[in-house]
Amino acid sequence: MILDYFVILMTSLAFYTILVLALNLAVGFTGLINLGHMVFFGIGAYTSAILTTHGIPWYFAFILAGLLASVLGTLIAAITVRLKGEYFAMVTLGLVFIATAISRNWISLTRGALGIPGVPDIIRDNFYYMIFSWAVAGLCILFLYKLTNSETGKVLQAIRDDETAAAILGKNTYFYKVLSIAISTFFAGIAGSLFAHHINFVDPSVFDLEFFIFVISMLIAGGLASLKGSIVGVFGLSIVSEAMRYIVVSPSLIGAVRDIVYVVILIIILIYKPKGIFGKVDV
Amino acid sequence: MMLSVKNISKNFGGIKAVDGCSFEVKENTITSLIGPNGAGKTTLFNVISGLTAPDSGTIKLLNKKINNLPPYKIAQAGISRTFQLTKVFKNMSIKDNLLIANNTGEDKMKKLLESVYLQKPLNTTASELSYGQQRLLELARALLKPHSLLMLDEPTAGVNPRIRQELKSILKRLRKDGKTILLIEHDMDFVMDISDFVVVLNEGKVLKIGKPKDIAKDKRVLEAYLGK
Ligand SMILES: Nc1ncnc2c1ncn2[C@@H]1O[C@H](COP(=O)(O)OP(=O)(O)O)[C@@H](O)[C@H]1O
Ligand SMILES: [Mg+2]
Numbered sequence: 003m004i005l006d007y008f009v010i011l012m013t014s015l016a017f018y019t020i021l022v023l024a025l026n027l028a029v030g031f032t033g034l035i036n037l038g039h040m041v042f043f044g045i046g047a048y049t050s051a052i053l054t055t056h057g058i059p060w061y062f063a064f065i066l067a068g069l070l071a072s073v074l075g076t077l078i079a080a081i082t083v084r085l086k087g088e089y090f091a092m093v094t095l096g097l098v099f100i101a102t103a104i105s106r107n108w109i110s111l112t113r114g115a116l117g118i119p120g121v122p123d124i125i126r127d128n129f130y131y132m133i134f135s136w137a138v139a140g141l142c143i144l145f146l147y148k149l150t151n152s153e154t155g156k157v158l159q160a161i162r163d164d165e166t167a168a169a170i171l172g173k174n175t176y177f178y179k180v181l182s183i184a185i186s187t188f189f190a191g192i193a194g195s196l197f198a199h200h201i202n203f204v205d206p207s208v209f210d211l212e213f214f215i216f217v218i219s220m221l222i223a224g225g226l227a228s229l230k231g232s233i234v235g236v237f238g239l240s241i242v243s244e245a246m247r248y249i250v251v252s253p254s255l256i257g258a259v260r261d262i263v264y265v266v267i268l269i270i271i272l273i274y275k276p277k278g279i280f281g282k283v284d285v
Numbered sequence: 003m004m005l006s007v008k009n010i011s012k013n014f015g016g017i018k019a020v021d022g023c024s025f026e027v028k029e030n031t032i033t034s035l036i037g038p039n040g041a042g043k044t045t046l047f048n049v050i051s052g053l054t055a056p057d058s059g060t061i062k063l064l065n066k067k068i069n070n071l072p073p074y075k076i077a078q079a080g081i082s083r084t085f086q087l088t089k090v091f092k093n094m095s096i097k098d099n100l101l102i103a104n105n106t107g108e109d110k111m112k113k114l115l116e117s118v119y120l121q122k123p124l125n126t127t128a129s130e131l132s133y134g135q136q137r138l139l140e141l142a143r144a145l146l147k148p149h150s151l152l153m154l155d156e157p158t159a160g161v162n163p164r165i166r167q168e169l170k171s172i173l174k175r176l177r178k179d180g181k182t183i184l185l186i187e188h189d190m191d192f193v194m195d196i197s198d199f200v201v202v203l204n205e206g207k208v209l210k211i212g213k214p215k216d217i218a219k220d221k222r223v224l225e226a227y228l229g230k
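So the sequences go chain by chain: H and A.
Numbering-wise, the first sequence is residues 3 to 285 according to the numbering used here.
Numbering-wise, the second sequence is residues 3 to 230 according to the numbering used here.
Since the hints were made in silico from the structure, they are not lab data.
Among these hints, one or two may not hold up.
[Said to hold, decoys possible] Straight-line C-alpha distance at most 27 Å; calculated DSSO-like pairs for lysine-lysine:
no.: 1; chain 1: A; residue 1: LYS92; chain 2: H; residue 2: LYS148
no.: 2; chain 1: A; residue 1: LYS89; chain 2: H; residue 2: LYS277
no.: 3; chain 1: A; residue 1: LYS75; chain 2: A; residue 2: LYS219
no.: 4; chain 1: H; residue 1: LYS277; chain 2: A; residue 2: LYS174
no.: 5; chain 1: A; residue 1: LYS210; chain 2: A; residue 2: LYS178
no.: 6; chain 1: A; residue 1: LYS215; chain 2: A; residue 2: LYS97
no.: 7; chain 1: A; residue 1: LYS178; chain 2: H; residue 2: LYS86
no.: 8; chain 1: A; residue 1: LYS210; chain 2: A; residue 2: LYS174
[What the hints assert, rightly or not] Okay, the calculated beta carbon distance ranges per label pair:
no.: 9; chain 1: H; residue 1: THR154; chain 2: A; residue 2: PRO148; range: 13 to 21 Å
no.: 10; chain 1: H; residue 1: VAL251; chain 2: A; residue 2: ALA159; range: 53 to 61 Å
no.: 11; chain 1: A; residue 1: ASN13; chain 2: H; residue 2: ASP210; range: 43 to 51 Å
no.: 12; chain 1: A; residue 1: LEU71; chain 2: H; residue 2: ASN128; range: 51 to 59 Å
no.: 13; chain 1: H; residue 1: LYS275; chain 2: A; residue 2: LEU71; range: 37 to 45 Å
no.: 14; chain 1: A; residue 1: GLY22; chain 2: H; residue 2: GLU153; range: 58 to 66 Å
no.: 15; chain 1: A; residue 1: ASN125; chain 2: H; residue 2: ILE241; range: 28 to 36 Å
no.: 16; chain 1: A; residue 1: GLY160; chain 2: H; residue 2: ALA258; range: 48 to 56 Å
Using N, Cα and C, we set each Cβ at its ideal position, and we do this for glycine too.
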């Protein structure tokens with residue numbers, strides 16, 4: 003019983019880890035404030051859900067979830083990354099409302115607010131699905147570790163610190179920014195797929211801002227531009243979130259109470275550690 | 003000819019920041035761009051390096067037109083530059099700052115740092131350097147990036163006297179090495195000492211081009227500087 007609870011929690015930490023690391027690549031390493039990150043998570047979740055409930059094999063759906071999120075991410079980035087920081091943030095936030103509207107209203111595809119139940123398991127046994135999820139998260143960690151320490155990764159960080167300086171050193175900053183979002187949204191889609199097969203259900207609430215606040219709190223608490231920080235952020239805030247399930251508040255208040263708690267924790271961390279726990283750059 | 007600037011103009015709203023400027027930079031010379039504050043020197047640098055699109059005119063680097071290229075392509079074509087307000091990658095180490103310019107080995111980086119009087123370990127984060135040291139790092143970065151023309155925007159501005167002296171001696175060495183440099187500099191004695199040619203800019207227009215000794219004697223130049 004306790005073990006089962008632990009296995010299910012650890013599985014969700016795997017896709018949170020992927021999701022937060024992917025967000026860190028865009029925000030922390032490249033300086034692209036992508037407030038629409040959950041859109042690509044949702045695209046991954048819906049892609050997997052729709053395909054597998056129509057009999058497509060899970061591995062096909064799983065890869066397509068990442069690819070479709072990445073293709074859309076790349077297209078959107080190609081149009082928007084030239085915008086100045088705050089405008090890029092606003093446009094990507096706008097994507098959330100578009101995604102919510104589509105998922106609610108394109109009923110023939112998404113079943114609207116009812117959501118899609120019966121998303122099949124990838125692996126029936128919860129324990130082995132946890133292992134599988136962490137294997138995927140491990141690959142993601144390894145890939146991002148290699149990337150952020152490579153020359154390409156250094157160029158992304160240079161763009162974050164001073165895009166003009168990167169350009170006059172001969173770097174095609176537009177290309178690198180689009181590349182960063184392409185990779186970031188791929189992993190967001192993969193995380194979405196893992197999520198859909200984990201809870202066997204998807205509905206428009208994946209796009210809820212409350213969910214994103216949780217994710218970005220984990221990123222900032224752990225620290226921007228630190229992979230280690232993101233993992234610590236995911237574990238730390240998830241434990242807090244789980245603990246709060248046992249604090250008695252009325253169900254209608256729990257969402258708001260959680261958001262307040264996350265923000266308070268963030269503020270406390272940022273007072274003592276202005277860059278987050280392991281952060282390399284200012285928030 | 004290393005660089006040829008022809009009839010370049012740039013307006014900001016109503017301000018004619020650069021107004022029909024033409025001049026050239028010969029290979030293996032130091033050409034200095036001087037003029038009072040607001041004369042349009044930095045704007046010209048930005049136009050040449052592609053950061054600001056000119057309203058009209060052409061720019062050629064080694065006889066190839068570059069004024070329709072994006073900044074990164076102009077950089078790849080062979081221009082290295084620094085900024086009046088230093089632009090280092092502040093959250094990155096000295097080593098990574100240099101690596102963006104050119105992925106040479108650590109030995110070469112260390113020698114380069116020594117040659118610009120920046121005695122700091124390669125893993126020092128740029129934001130931990132003083133402003134003057136950041137200028138040295140920015141200069142090292144510009145030198146390391148493959149280039150045929152080096153453009154320096156007030157390299158000695160805003161640094162302490164010791165680093166100012168160091169920067170001057172670096173420039174003298176670069177001159178001896180036969181580098182081609184376009185320099186913006188306010189210290190007149192230094193400009194007259196180090197330059198092969200001087201271009202005087204005033205209110206966006208080229209007032210005079212000549213050798214340092216001719217410039218020093220020119221009445222209009224003195225007027226522009228001292229005010230009438
Ligand atoms: N981005 C800009 N927008 C508006 N005006 C500008 C801009 N850049 C420069 N200027 C104006 O153009 C003129 C020339 O500036 P600048 O090239 O910086 O001169 P200098 O480097 O010779 O001191 C000044 O009047 C300045 O205010
Ligand atoms: Mg200037």
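Okay, the hints, checked on the actual structure:
The suggested pairing of LYS92 of chain A with LYS148 of chain H holds, with an alpha-carbon distance near 22 Å, which does not exceed 27 Å. Our distance criterion of 27 Å between C-alpha atoms is met by LYS89 of chain A and LYS277 of chain H, whose separation comes to about 21 Å. For the proposed pair LYS75 of chain A and LYS219 of chain A, the alpha carbon gap of about 40 Å is over 27 Å, so the pair is violated. Under the criterion of a C-alpha separation no larger than 27 Å, the hint pairing LYS277 of chain H with LYS174 of chain A is inconsistent with the structure, at around 42 Å.
Pair hint LYS210 of chain A plus LYS178 of chain A holds up; C-alpha atoms about 26 Å apart against a cutoff of 27 Å. Using a Cα cut-off of 27 Å, the hinted pair LYS215 of chain A and LYS97 of chain A is violated, with the two alpha carbons roughly 42 Å apart. Taken as a hint, the LYS178 of chain A and LYS86 of chain H pair is broken in the structure, with Cα atoms around 43 Å apart against an allowance of 27 Å. Among the hinted pairs, LYS210 of chain A with LYS174 of chain A is consistent with the structure: their alpha-carbon atoms are about 24 Å apart, no more than 27 Å.
With their beta carbons about 19 Å apart, THR154 of chain H and PRO148 of chain A fall inside the hinted range of 13 to 21 Å. Between VAL251 of chain H and ALA159 of chain A the beta carbons are some 59 Å apart, a value that agrees with the proposed interval 53 to 61 Å. At about 49 Å, the beta-carbon gap between ASN13 of chain A and ASP210 of chain H stays in the expected band of 43 to 51 Å. The hinted window of 51 to 59 Å between LEU71 of chain A and ASN128 of chain H holds, with their beta carbons roughly 57 Å apart.
A C-beta distance of roughly 44 Å is found between LYS275 of chain H and LEU71 of chain A, which places it inside the suggested range of 37 to 45 Å. Against the hinted window of 58 to 66 Å, the Cβ-Cβ separation of GLY22 of chain A and GLU153 of chain H comes to about 42 Å, which falls outside the hint. In this structure the supplied range 28 to 36 Å holds for ASN125 of chain A paired with ILE241 of chain H, their Cβ-Cβ distance being about 34 Å. Take GLY160 of chain A and ALA258 of chain H: their Cβ atoms lie about 50 Å apart, and the range 48 to 56 Å holds.
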